[in-house]
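Chemist: Mind docking chain B on chain A? Use the hints.
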Amino acid sequence: MSPDLPPEPSPDDAADVGRREQSDAWNAFALVASGVTVWGGVGWLLSEWLDNRVYLMLGILVGAAAALYLVWVRYGRP
Amino acid sequence: MLAAEASEEFHSPGPADFEYPQIIGGFSKPMLIIVLGTLAVALFFYFAVRRAGIVPGKLQFAAEGFYGFVRNSIAADAIGREGIKYVPYLATLLAFLIVLNISGIIPFLQFPVTSRIAIPLFLALITWVIYNSVGIKRQGFGGYFKNMMFPSGVPVAIYPLLAPIEFLSTVVFRPITLTLRLTFNMFAGHLVLLLCILGGEFLLLHVGGLIGYTAGAVSILFGVVMTFFEGFIQLLQAYVFVLLSAVYIGGALTHEH
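Order-wise, the sequence lines are chains A and B. Counting in the numbering used here, the first sequence runs from 8 upward without gaps. Counting in the numbering used here, the second sequence runs from 147 upward without gaps.
This is chain B alone, in the form it adopts within the complex:
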C-alpha cells in the first residue's frame, strides 16, 4: 500500500532535469543541440550569401535584414560609427544565442542549452577579452584602467573608495552578470515549462477525478501559454546579451565623460 502510494508520488522537476545521459561515448543531447545549432547558423549564412545578388532572394533578404538590424540597432547605437567593425562578431553571437535559446521550445529538442552555464560563460569571456583588449589598445594599458577607475568630476579624496568598485565592476562583475542573467533566465524558464507540463500530465493521468482533470487541463494550457512567453524571453535575452556586449565594447572605445 505504502509502496504503491510512493510510486504515484509527483516528483517536481529540479536541477537534475538539466543533466542528460550520454547517448554514445560522452555525447549527450545538449551537445547534439549545440552541434545542430552551430550547423544551422553556419548553413543559414552560407546559403544566404552563396549566390548573393543585387536583387536578393528570400534567404538573402532574411540574412541581410538580420545583419542590418544588428548593425543599425545594436552596433551603431551602442558603439557608434566604429561599431561597423564589430558587427560580424555581434551578428554571429546573436544568431548563435537565438538558436541555442530557442531550442528550448522547439519540439523534440526542447532544451535551452544556454541554461548550462558553460555556454554563456564562454561567450561572456569572449566578449570580456574583446572589450578589455579593445580598451587597452585604444587608451593604452594605464589609460584604460585610469579612465575606468577614476571618473572625472569626483572629489579626489574619495577615489580610494570608488576606484576598487569601478575596477571590480568592469573586470569581474560584467562577465559574471552577463553569464548569470542568461543562464538563469533560461534555467528558470525551462523549469517553469517542465513543471506545467509534467504537473499537468501527472494530474491528468494519476490523479484524475474532477479536480485532477480540471487542474491538469489548466496546467497544460498554462504550459502552452508559457511556451510562447518563453520564446519571447529567449529572443529578448539573446538580444540583451548582445546589446550589453556592444555597450561594453563601446564604453572601452570611448572613455566615458
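Chain A with its partners taken away, still in its complex shape:
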C-alpha cells in the first residue's frame, strides 16, 4: 500500500454526487419510516386511550409531515 492519502473528493465529481444521493435517499427513507412509527405510535396510544381512531390517522399524518420536513431540512435545503 502506498502511504499517500487519497485526494479529498471534489463535490463536482458526478460519481461521488451519485453515491451521496443514493445514501441520502436511504437516510430519507429511514427518517420517514421513523416519523410514521413514532407519531403514528403516539396516535395509536391516544386512540386506544380515548377510543377514537381519528388520533391514529392524525398521528400518522403528523409524523409523515414532520419527517418530510426533516428530510427537507437535512438534504433538500440549498
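Do not take every clue at face value.
[Said to hold, decoys possible] Taking lysine to any residue and the SDA-like style, the derived pairs with C-alpha atoms no more than 20 Å apart in a straight line are:
(1) B:LYS292 / A:ARG81
(2) B:LYS292 / A:VAL78
(3) B:LYS175 / B:PRO253
(4) B:LYS175 / B:PHE254
(5) B:LYS292 / A:TYR82
(6) B:LYS292 / B:LEU399
(7) B:LYS231 / B:GLY214
(8) B:LYS175 / B:LEU340
(9) B:LYS204 / B:PHE191
(10) B:LYS204 / B:LEU189
(11) B:LYS292 / A:VAL80
(12) B:LYS231 / B:ILE272
(13) B:LYS292 / A:TYR76
(14) B:LYS292 / B:VAL275
(15) B:LYS231 / B:SER219
[Stated by the list, open to error] Where chain B lies over chain A, by a calculated footprint (3+ residues, C-beta under 8 Å):
(16) 39-46
(17) 72-82
Rather than coming from a laboratory, the hints here were simulated on the basis of the structure. Here a beta-carbon is modelled for each residue, glycine too, at the ideal position from N, C-alpha and C.
Modeler: Structure of chain B alone, referenced to chain A:
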C-alpha cells in the same frame, strides 16, 4: 387417479426452501457456506500479502486493487480523510458480503447465506456499535445525541416533534433497514431463481407437449438470464451495505450542518 394427479402437482418454492436439513450434528449447508466463505476471504488476503513485493504478483495486485477501491471510493468519499482508519473494517466487510452473497449463484453452493437474517443482522449490529461509539467518542455522549436530535436552522418550537424521529431513525431504523434491505434482496432473488429453474424443470419433465416444452425452455432460459442479473444484484447489495456503513460512520464523526 386423484393421488396420481396430486403427486404431479407443482409446489412453488417458498420460505421453506431456505431451511436446510442438518448434515451432521446441527451442521447445515448454510453453515458450511459461511465456513468456506470465511476461509476464502482469509486465505485470499493471507496469500495476497504473504510475500508482498514492490512489484505485485497477480493476487497481490487484485487484493490491492480491491483495498484501494474501498479506500478511495467508499471510505474517502463517505467519511473523508479520517476514513483511512476504517478501511480495514470496510474492506473485510465488503469481501465477506460479496462471498456470502455470490454463493447464491456458485454451482453446488447455490444459496445466498445472507438471505438468512442472522448474518446481515449481526453485521449491521457491528456497524451500529462502531458508528455510535465513534460518535459518542468524538462528540461526547450528550453532544452526540444533541447533534443527532436537534438539527440547526429549525424553529425551536417544533423540536419536540422532530427529535424523537431523528433519534429513532438513527438508533433503531438504520440497523433495521441495513439488515432488511440485504436480507430480502437476497431472499427474493433466490426465490426468483428457484421459481424459474424448478418451474422450468416441472414444465419440461411433467407437463410436456408443445406448451410444456416451449414454456419450460423459456423458463429455464429466463432462469439463466436472472442468474447473471442476480450476480449483479449481489455485488451491488454488498456495496450498498458497506457504503451505508461508511456513511453512518462519517455522519457520526462530523455532525451534519
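Chemist: Just to be careful, I want the Cα atoms of LYS204 (chain B) and LEU189 (chain B) compared with a cutoff of 20 Å; is the pair within it?
Modeler: holds, 15 Å
Chemist: Keeping to a limit of 20 Å between CA atoms, is the pair of LYS231 (chain B) and GLY214 (chain B) held or broken?
Modeler: holds, 13 Å
Chemist: Please work out if LYS292 (chain B) and VAL78 (chain A) have their alpha carbons no farther apart than 20 Å.
Modeler: holds, 18 Å
Chemist: Mind checking the alpha carbons of LYS204 (chain B) and PHE191 (chain B) for me, to see if they're no more than 20 Å apart?
Modeler: holds, 12 Å
Chemist: Given the hinted pair LYS292 (chain B) and TYR82 (chain A), is their Cα-Cα distance within 20 Å?
Modeler: holds, 19 Å
Chemist: Against the 20 Å threshold, does the CA-CA distance of LYS231 (chain B) and ILE272 (chain B) hold or violate the hint?
Modeler: Judged against 20 Å, a Cα distance of about 16 Å means the pair holds.
Chemist: Count the residues of the region 39-46 of chain A with a beta-carbon closer than 8 Å to any beta-carbon of chain B: does the count reach three?
Modeler: holds (count 6)
Chemist: Verify the proposed pairing of LYS175 (chain B) with PRO253 (chain B), using a straight-line Cα cut of 20 Å.
Modeler: Roughly 13 Å separates the two Cα atoms, so the pair holds.
Chemist: What's the verdict on LYS175 (chain B) and PHE254 (chain B), does the C-alpha distance respect the 20 Å limit or exceed it?
Modeler: holds, 10 Å
Chemist: Between LYS231 (chain B) and SER219 (chain B), does the CA-CA distance stay at or below 20 Å?
Modeler: Answer holds: LYS231 (chain B) to SER219 (chain B) is near 14 Å, not above 20 Å.
Chemist: Hey, LYS292 (chain B) versus VAL275 (chain B), does the alpha-carbon distance stay inside 20 Å?
Modeler: holds, 18 Å
Chemist: Holds or violated: LYS292 (chain B) and ARG81 (chain A), Cα atoms, limit 20 Å.
Modeler: holds, 15 Å
The structure agrees with every numbered hint stated previously.
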